[in-house]
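Enquirer: Build out the structure end to end from the sequences listed, making use of the hints.
Taken in order, these protein sequences are the chains called R, A, Y and B. Numbering of the first sequence is given in the numbering used here, commencing with residue 1 and proceeding in unit increments. Numbering of the second sequence is given in the numbering used here, commencing with residue 1 and proceeding in unit increments. Numbering of the third sequence is given in the numbering used here, commencing with residue 1 and proceeding in unit increments. Numbering of the fourth sequence is given in the numbering used here, commencing with residue 1 and proceeding in unit increments.
Just so you know, not all the hints are guaranteed correct.
Said to hold, decoys possible - Capping the alpha-carbon separation at 27 Å, the derived lysine-lysine pairs in BS3-like fashion look like this:
1. R/121 to R/291
2. R/151 to Y/284
3. A/244 to R/121
4. A/244 to B/4
5. Y/180 to A/155
6. A/162 to B/2
7. Y/280 to R/90
8. B/3 to A/220
9. A/218 to B/3
10. A/220 to B/2
11. R/123 to A/162
By construction, these hints were calculated from the structure, which means they are not laboratory data.
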Amino acid sequence: MNERLKGIIENIGLPRLLIASFLLLLFIIAPFVGVRVDTSINDVIARFAMNGILVLSLFPMIKSGCGLNFGLQLGVIAGLLGAVISLEMKVTGFAGFVLAIIISIVFAIIFGYLYGLLLNKVKGEEMVVATYVGFSAVSFMSIMWLLLPFKNPDMIWAYGGEGLRTTISTEGYWHHILNDFLSFQIGSHITIPTGALLFFALLCLIVWAFFRTKAGTAMEAVGSNPDYARSCGIDVDRVRIQSVIFSTIIAALGILVYQQSFGFIQLYNAPLMMAFPAIAAILLGGASVTKVKMWNVLLGALLFQGILTMTPSVINNLIKSDMSETIRIIISNGMIVYALTRRMKVRS
Amino acid sequence: MKNQDSLKTVNPVKQFFINYAVPILFIIMIVFAAPMSGLSPVFLINEVMTRLTRNSFLILSLLIPVLAGMGMNFGIVMGAMAGQIGLILITDWQIVGVPGILLAMLISTPIAIVFGYFTGIVLNKARGREMVTGMMLGYFMNGIYQLLVLYGMGKIIPIRDKSILLSRGYGIRNAISLDGIRQSLDNVIKLDIMGIQIPLVTLAVIALNCLFIIWFRKTKLGQDMRTVGQDMEVARMAGIDVEKTRIISIIISTVLAAYGMIIYLQNIGTINTYNSHEQIGFFAVAALLVGGASVSRASILNVFIGVVLFHTVFIVSPRAGKELIGSAQLGEYFRVFITYGVIAFSLALYAWRNRIEAENERKKAMMLRRASLQNEAEEGGNL
Amino acid sequence: MRKFFVTLLLILVLSISVVAADFHIGIVTGTVSQSEDDLRGAEEMIKRYGDSSNGGMITHVTYPDNFMQEQETTIIQITALADDPLMKAIIVNQAVPGTVEAFRRIREVRPDILLLAGSPHEDPEMLVDVADLTVNPDNVARGYLIVRAAKELGADTFMHISFPRHMSYELLSRRRDIMKEAANDLGMKYVEMGSPDPLSDIGLAGAQQFILEKVPAWLEQYGKNVAFFCTNDAHTEPLLKRVAELGGYFIEADLPSPTMGYPGALGIDFTQDEQGDWPKILAKVEEAVVDAGGAGRMGTWAYSFGFSTSAALAEHAKRVLEGKADLWNMDDLMAAYEEFTPGAGWNGSYYVDADGIERDNFVLIYQDTYIFGKGYMGMTDIEVPAKYFEIGQ
Amino acid sequence: MKKKLIIRTSLIVLLIILGIILFVIGKQHKVLLDNRDLTIDGVTYTAEAAYEIWVDGEKVGRTALNPGRRNVAYVVGPSHEIELREVKNGKPTGDSIVKKFRLSVKQSEVIINIPALAAGSDSFLYEAD
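Expert: Right, dumping it as structure tokens:
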């Protein structure tokens, strides 16, 4: 009995059990401190749909042994370019969103290819290099947002008349285009963003299916044992670049889904930190730097967004102080550190 | 003979450019940007001197973990926190001048040792990913620091000085003026040569740190660290306690970082209580890399070249960018882009260089083997 | 139209360069992504008096976006201005951390330069010792007046939204205490809400999202008559969006301006001739707010505080240097403000420090609150009870 | 092993002592100089004259301290010296009075009463509040 319990715990992982029970506890406390449970559930679902794809975007690169994608911002920038260009063309509604997706994918392929070339040169140091690549890309694009000749008055600065705003509303273009698709209400406060969830599910399915194909298994082989892969005649560098492009495309789609739900396109420094929550989520879900399963993505996104939604409101109402934010920082970064140290323990 | 020649095919000129690509790039940038910025030479030299005395100590604290093969220690952020706690306390007690600085260092030492020990343990568990883990650990500890300083001080740790305590009764204000110790180390003896201010004592302290590092490398412990850095398995077989050695290297680094932060802040004159330390790691690492160091090899010379080049670009690029593109804020974005871009570039270059070297090694080894086989064959033929 | 302006500007610049300015004024602001209005104020001054690199009077530089971590850069950007021998006045708006130290350094080498600061982030006590003149929104008076305005408009609950880093700012922390006290005195329920810090690991996006999804829940919990106040600019935009849609009150932002949050939140775009014209911008924003159903519930200051402070401090410094105004004369200062804000009511007082001394080089000012669809509230004529000035002292 | 322990302990003790020394010699005190009336132990000292004042050799204020006024000096460390000189019609007259005083670490803010000091009383120094 004890052995079996141990087995279950090992399978799910102690940290996930702890976090899940912590989250559960927050939900139990919530009604007593005046936080509505149904709106909280609604928020968690909405955030899950919004952020899930960004978390998923880490998947291919982990599989191919490129590590955690600290350069996620490149994909985000591709998505942002797609979004602002589609807005500039003033295509509204579903067509606008599709246009944004197409443009984003084109940019993501270009960025991903170059990024992949670079990462191939720095095998073993991918994560640190990627962090800096991400940061420098964001500041480079800050210059570009000001200089690129965008004209649509919805997007440019209110006063100066030149350069893009820090936040651009998607209202009137493709705001909630996915969220409202087939959406339905449960009770008075829970709205299920069916379209966004379906889109997320579709992407998960594509990724899952891809890793069942020959190309997918090759990618996995490159990640788990590059030497063996090479001896099997797989072009390791090429496969790695493919995985980076794949990741970058998903990240670009992820930010588009995020924006249609959020209602704003955020430029300049907004993408700077976007890699961290996604990485925290996937690690929280039980992935490691080299190993990942689909359920890690789903569970991680759910738990992380749950913590993010619940801690500020519940703890805030509980202790009536702004300290909740500090506690959140400790918990989420503590989880990342824990996850980074974990695998070595298993091996030794 | 022919074989011997082919062994030397690594072109020394090319090798030099590969090794020093980043410093060379920076020198070129400065040559173009400095005149464009419109700053007077005296101002520029003075400012570079300030940066040199302000930042060198902090960057020197990165050297020892590199020796132990742990890469760039982003965990110096925690040393910086320890230094700040020391400074907050002496400000509250109103201890001023050089004694104040020394007392702050004294207080920060045990805190830094504890932080360093903790960092060392965590990094031992995250072997092979020390840099990313160190970075994340910094974010994590930032939360703990906030908890301690914003909620603990005034409640648990008594703070009497009303000018640093928030009026709500607990928590330290977001900015603290270090009037009492401001530049007191720099001003003990200050030379003025043609308008250029040279703070001798601070420089002496930095020199002392350099001597310490040179001496330390020669000790038994320093040698052990080098062995651990080169090959952990070999070190273990030689009877070295690898884990302990690595922890010690991080502790030394953290303590030095605490002192470095105190020197840095006494020159700046104010503390941003919750943010001063956050980017210290990023900038220190950047400067060291710009100086031509790599993740596995960093010397004292790299530190000084790095500080001068990196900070000169920092000083001139916003203004040069402004002149170049014609807008003040574009100059600012340009500067940030340069900072991060250069780090990415130099890290990439380093990793790439390593691979080329490994490749060369492999070729060399193969050639040697082939040569020896040939020799054997020839000798065999002779017999 | 645009060409016309460019030619005009060119003529202006050329005519100035003939009689090159005999002194320079340096203006330091944030970038467009951090604080647009401050920067536009500086650009307005360049338009008026020319860029010093072309023989004009104004030198404009910016401090870094992540100014909290990069004090070094802020200091050098400010002190480098003093390297210009013609420099006679430096204006820093907003005076982010590092300003005090930069001022100290300039004082050491160039005691002749006038040092002016707007919206300081560092402690008032630190600035009064080094700056010649500091101007800040009167957070003490506003702490009472914002709550009072909310009450007058019909709100019964007041919610203060902030996070730890901001609450470590003395003046923000004190304003919170005043708001709490004022709400209790006026018979309103006071709610304190924590929110994610936009500069933390989840970033701007995460922080804004929190507001976006929580406002409906808060309105549900506390009823439609909640007045919201948030200390952070980034939180303002999503907050405005939700308040316009769903109800609640928003009296004014931390640093109020018609362009603060509204254009982004309501998707307002401005035509060429509206850009740079505050009354027209106000009218346009008003139209959008009324259309969105926010009439009588949402407000601002008619003229941007950041814009007018950048411009007015530079103008004031110029007049002082030319001998046309007295540095510490409140009327002269207000005259400079009115130059850029015709028709708006201002009121102000001096900062009183912890020892109870009135500091005449630290001015606290506020503009009349403008509620869309309703007009000016006349807040500048209301006497703030003395007790509020004593809170937190 | 035992030797190592002794060395370590004495090193720590040494560092703590060093800390205490630094604390004492680096402690800054706020010294308020009152040229005001004061009554101690039934004796009243009235402020009549203006004085030029030096604390540790540094002059306090640009002008002489007039009766009824207060000025402030910041000093560092335990032992200090104060020097007074009466000023009449803008010119220093009479001998200067020199007095040494010590401040303990606990006294962060003290008041020195000038009339009492000039009259030769030993109770011229007292803690503020």
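Enquirer: It remains to establish, for every hint, whether it holds in the given structure.
Expert: Do the hints match the structure? See the list:
Of the pairs offered as hints, the one joining residue 121 of chain R and residue 291 of chain R holds, with about 22 Å between alpha carbons and a cut-off of 27 Å not exceeded. At most 27 Å may separate the alpha-carbon atoms for a hinted pair to count; residue 151 of chain R and residue 284 of chain Y meet this at roughly 19 Å. This hinted pair does not check out: residue 244 of chain A and residue 121 of chain R have alpha carbons roughly 33 Å apart, beyond 27 Å. At most 27 Å may separate the alpha-carbon atoms for a hinted pair to count; residue 244 of chain A and residue 4 of chain B meet this at roughly 19 Å.
Among the hinted pairs, residue 180 of chain Y with residue 155 of chain A is consistent with the structure: their alpha-carbon atoms are about 22 Å apart, no more than 27 Å. With a C-alpha separation of about 47 Å, the suggested pairing of residue 162 of chain A with residue 2 of chain B is violated against the 27 Å cut-off. Of the supplied pair hints, the one linking residue 280 of chain Y and residue 90 of chain R holds, its CA atoms being roughly 25 Å apart against a limit of 27 Å. With a CA separation close to 20 Å, the supplied pair residue 3 of chain B and residue 220 of chain A stays within the 27 Å bound.
Distance restraint check for residue 218 of chain A and residue 3 of chain B: the Cα-Cα separation of roughly 25 Å lies within the 27 Å cut-off, and the hinted pair is therefore satisfied. Restraint check for residue 220 of chain A and residue 2 of chain B: the C-alpha separation of about 22 Å stays at or below 27 Å, so the hint holds. For a cut-off of 27 Å, the pair hint linking residue 123 of chain R to residue 162 of chain A is broken: about 53 Å separates their Cα positions.
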